[in-house]
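**Q** Below are the chains, spelled out letter by letter.
There are 2 protein chains.
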Amino acid sequence: MPKPEILDPQGKAVAGALPRLGFAQFTSVRQGKRFELEFEGPVTDEVLAAAREAGEHVLSNPVIEDVVAVYAEDAAQVTA
Amino acid sequence: MPKPEILDPQGKAVAGALPRLGFAQFTSVRQGKRFELEFEGPVTDEVLAAAREAGEHVLSNPVIEDVVAVYAEDAAQVTA
Chain A
1 MPKPEILDPQ GKAVAGALPR LGFAQFTSVR QGKRFELEFE GPVTDEVLAA AREAGEHVLS
61 NPVIEDVVAV YAEDAAQVTA
Chain B
1 MPKPEILDPQ GKAVAGALPR LGFAQFTSVR QGKRFELEFE GPVTDEVLAA AREAGEHVLS
61 NPVIEDVVAV YAEDAAQVTA
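Protein chains in written order, with the numbering used here: chain A, 1 to 80; chain B, 1 to 80.
I should point out that these hints are in silico values taken from the structure, not numbers from a laboratory. There could be a bad hint or two in this list.
Derived DSSO-like pairs: lysine-lysine, alpha-carbon spacing no greater than 30 Å straight-line [unchecked claim]: (1) A:K33 - A:K3; (2) B:K33 - A:K12; (3) B:K33 - B:K12; (4) B:K12 - A:K3; (5) A:K33 - B:K12.
Take the sequences, apply the hints, and build the full model.
**A** In structure tokens, the structure reads:
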């Protein structure tokens, strides 16, 4: 996600549009990226650590973005 | 996230680059969007349902994207 101190014009545009579209209850929106990495086999702590490292060093721009969540999901659950 | 049957060139590019950068364990990558909606007060089931509806009808393109996860996070937890 964009760091809190970074302006997020996409999120601001969405936040401005939501009340017009019937969703007045949300006070602020920020838009970021979500990556799904597939791994064959059990997701151990090492795999999660590698995923976080990939997220922090390769998938995100650490100058303007934070990695906010890294977690395992079952493949069956993802496609459900 | 892009629907499984939709080609994801961004994810494919990332998946091709990861092994070169030392992350050979991941077999596939898909890239999508993540939105953080702020809400003042307790996040009830109605609020989550509204967030899911906004995600399905306003924030995503239902022709090519699925809403895969809608969940509540504590503000303190998000900024930690």
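**Q** Hint by hint, note whether the structure agrees.
**A** Verification of the hints:
1. A:K33 - A:K3: With Cα atoms ~12 Å apart, K33 of chain A and K3 of chain A stay inside 30 Å; holds.
2. B:K33 - A:K12: Within the cut-off at roughly 15 Å; holds.
3. B:K33 - B:K12: holds (16 Å)
4. B:K12 - A:K3: holds (26 Å)
5. A:K33 - B:K12: Holds: K33 of chain A and K12 of chain B sit about 15 Å apart, inside 30 Å.
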